[in-house]
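K.L.:
This is what each chain is made of:
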Amino acid sequence: MTSTSPEQSPLVALRDVNKTFGDIVAVEGITANIERCTSTALIGGNGAGKTTLLRLLAGVYRPTTGTAQFADGDLTQHRRRIGVMTESTGLHLRLTAWENIRFHARLFGMQDERSRQRSEALAVQLGLGGALDRRTEGFSRGMRQKTALIRALVHEPELLLLDEPTAGLDITSARAVRALIEALVDEGRGVVWSTHDLRAARVCERVMVMHNARLVADGRVNDLLEEHNTQSLEALYLELTSEATPEFQAGMEVGL
Amino acid sequence: MAIAQRELLDFVRDWRTILTMVLVPLLLFPLLFIGLPLVIGGEAQELAATEVEVLIRGDNVPLELIQNIENRSVIVTLGDPVEDRAVDDQAVRNGSLDLIVHWEENGEVYDVHLRHLSTSSLSTDARQRALLAVSEWEETERNRRVTEGGLNASSTLDPVRYNPSEEDLASQGEVQGWLLSSFIPLIVTVWVVTSAIQPAIDMTAGERERGSMEALLCAPARRWELLAGKWAAVSTIVLVGVMLQLGGLMFALTFLAGPSLLSTPDVGLGAILLLFVAIFAYSVMVVASELALAIRSKSVKEAGALLAPASLAVIVPAVVVQFINLDGVEAFWFAVPVVNVLLAMRELLLDQVDPTHTVIWLSTTLVYTGAALWYAQRQFNREDLVLSPS
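First to last, the protein sequences are chains H and R. Under the working numbering, the first residue of the first sequence is numbered 852, with each subsequent residue one higher. Under the working numbering, the first residue of the second sequence is numbered 599, with each subsequent residue one higher.
To be clear, the hints were calculated from the coordinates, so they are not data collected in a lab. We treat Cβ as the ideally placed atom computed from N, Cα and C, and that holds for glycine. Hints are supplied without guarantee of correctness; some may be wrong.
Among chain H residues calculated to face chain R with C-beta under 7 Å, some are [claimed, not checked]:
#, residue
1, 888
2, 911
3, 990
4, 992
Per label pair, the in silico range of CB-to-CB distance [unchecked claim]:
#, chain 1, residue 1, chain 2, residue 2, range
5, H, 1079, R, 612, 30 to 40 Å
6, R, 961, H, 991, 33 to 43 Å
7, H, 989, R, 603, 51 to 61 Å
8, R, 643, H, 989, 45 to 55 Å
9, R, 968, H, 1079, 21 to 31 Å
10, H, 989, R, 903, 55 to 65 Å
11, R, 923, H, 874, 35 to 45 Å
12, R, 903, H, 1063, 13 to 23 Å
13, H, 991, R, 603, 25 to 35 Å
14, H, 944, R, 976, 21 to 31 Å
15, R, 777, H, 964, 31 to 41 Å
16, H, 991, R, 852, 50 to 60 Å
17, R, 897, H, 1030, 53 to 63 Å
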């Protein structure tokens, strides 16, 4: 019998996880490992359970039944390894972008000087350079999304949990955010990217498809296509979910 | 610490916060000490300069009395006695007359009736002027009668001499402390309760509503550490407000209050230090309680609807405390939440440091604060702090 060291074990291991809120079943029967250095696209329609799954991975929710095990055992240590970008950016609008990032980075024990350098570098990559010292109340939605993304990345997490990072963004902003995530994937950082956007699946190694609170597919894109004998992700998604959500169809119409 | 700093920076960035949390407490007492006397004095002067109309009905009304009344900016009209006073009363009610004096000679005494309207300032003032004139005339008449009887008017009418103002053993400073103890605890209580509501809601229910709570909960800090940061931030805001308020009060007492108003009280250093401890203990207890209630709420609106009436639970006992007699006060009062610290403040402003009372109010307040924080932490550990499962 061999033991697994924390560095070798998955960052999060979910085993038959169910999460309910009263009568509402948010996720059901989820068993999955979230590995280091693996990019995962978490796709599904509204209400499929993507956000709940992300919150379980972040340790914000505890499973109602089943287990969620973190590599470090300790939840606080686990959170040091992850960066989370929530669906609502959750910025303090009377603070500047930098102040929002700085106070968050301090919770990770970062010195201001280091977090400033890192923020400036990320801001340049995202096209937010020069706006770091402006109050976020005057920011567009795209600028707020970018600020929240920098905040999630500033402490260089091993795993990034992104909840709809490109939702509601214009084409240019969405492209900048996507390009940064692709760069993170390329440099081997773990990413779980929750989205309606099937383009995410094309840059990620792994796809998890959720439908009606259940994980209906989980694997490499090519393996899944082969397994289901389909040519495209769209066809695969439609086959797995039986019916496409209006949001998904809308996404398809803009050129997926 | 990072949480407290962020919350404080976010809070002071709002100019309305500066206005309500800094300027209002700082200027409250100076304005009260300058503005209120000015308004009251101005109104009194204006009233004194206003002529009032008085009808005097009766036979043989002394001329000296009529002249005395007229000398007080009163337009006097004389009339015959009447049986039915209803018509005259109506004139006072509709404001065409301010006062009617019925003068009736009844043997050696005079029956005087001053028909006035107590809800009218002019009518009340006319009555006051007439009363003063009647009193002066009465004194003259009394002296005349006593002298005519062959007696010394002064020793007969005023056989016992005393001067209460010179026989109080309390120093002026102690009296000032007693006066201050009647309203400072009340003002501090109300201020702490009301000023904590907005930041407590903003940093809990407000943060949930804005969606920033989830990002915070994903940070590598324990929930109690996050709560402690918020507690420290709200307590700082409240305590700064209270200190500014007390600073404004001391400034007003030292530099603005006239001799007829309040002056600096005689309170020893030990009592002053304990007074600050009492204010601190009370503030952190109230903040912990309000945070606990605000965290329970799912929205700012719900939190406001909960905290506004809940503040009455503090304000009502604060008013009641003003009527508790401190002489021989039972020790159990110093264990009752809110009441304990307010009574302590009153005692300390009287420069009374009772070790037993101090131990009771301090220890019980710490227990109540701990209980409120325990409850707040339980609420802060709830999963539904992050809403909208999907």
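K.L.:
Run every hint past the structure and note whether it holds.
P.N.:
Status of the hints after comparison with the structure:
Among the interface hints, the one on residue 888/H is violated; its C-beta lies about 21 Å from the nearest C-beta in chain R, farther than the 7 Å criterion. Checking residue 911/H against chain R by beta carbon gives a least distance of about 5 Å; that is within 7 Å, so the hint holds. Violation of the interface hint for residue 990/H is found here, the shortest Cβ-Cβ separation to chain R being roughly 14 Å, above the 7 Å cut-off. Checking residue 992/H against chain R by beta carbon gives a least distance of about 13 Å; that is not within 7 Å, so the hint is violated.
About 55 Å separates the C-beta atoms of residue 1079/H and residue 612/R, a value inconsistent with the hinted range of 30 to 40 Å. Hint check: residue 961/R to residue 991/H, Cβ distance near 55 Å, so the stated range 33 to 43 Å is violated. Checked against the given bound of 51 to 61 Å, the beta carbons of residue 989/H and residue 603/R, roughly 23 Å apart, lie outside it. Remark: the range hint 45 to 55 Å for residue 643/R to residue 989/H is upheld by a beta-carbon distance near 53 Å.
A hinted range of 21 to 31 Å for the beta carbons of residue 968/R and residue 1079/H is inconsistent with their spacing of about 59 Å. One distance hint, 55 to 65 Å for the beta-carbon pair residue 989/H and residue 903/R, is violated here, with the actual separation near 32 Å. At about 58 Å, the beta-carbon gap between residue 923/R and residue 874/H misses the expected band of 35 to 45 Å. In this structure, residue 903/R and residue 1063/H break the distance hint of 13 to 23 Å, their C-beta atoms being roughly 36 Å apart.
At roughly 27 Å, the beta-carbon separation of residue 991/H and residue 603/R lies within the given 25 to 35 Å, and the hint holds. Distance hint for residue 944/H and residue 976/R: a CB-CB separation of about 30 Å, consistent with the stated range 21 to 31 Å. Checked against the hint of 31 to 41 Å, the C-beta distance between residue 777/R and residue 964/H comes to roughly 55 Å, which is inconsistent with it. Between residue 991/H and residue 852/R the Cβ separation comes to about 53 Å, which falls inside the hinted range of 50 to 60 Å.
Checked against the hint of 53 to 63 Å, the C-beta distance between residue 897/R and residue 1030/H comes to roughly 37 Å, which is inconsistent with it.
Checked against the numbered hints listed earlier, the structure breaks hints 1, 3, 4, 5, 6, 7, 9, 10, 11, 12, 15 and 17; every other hint is satisfied.
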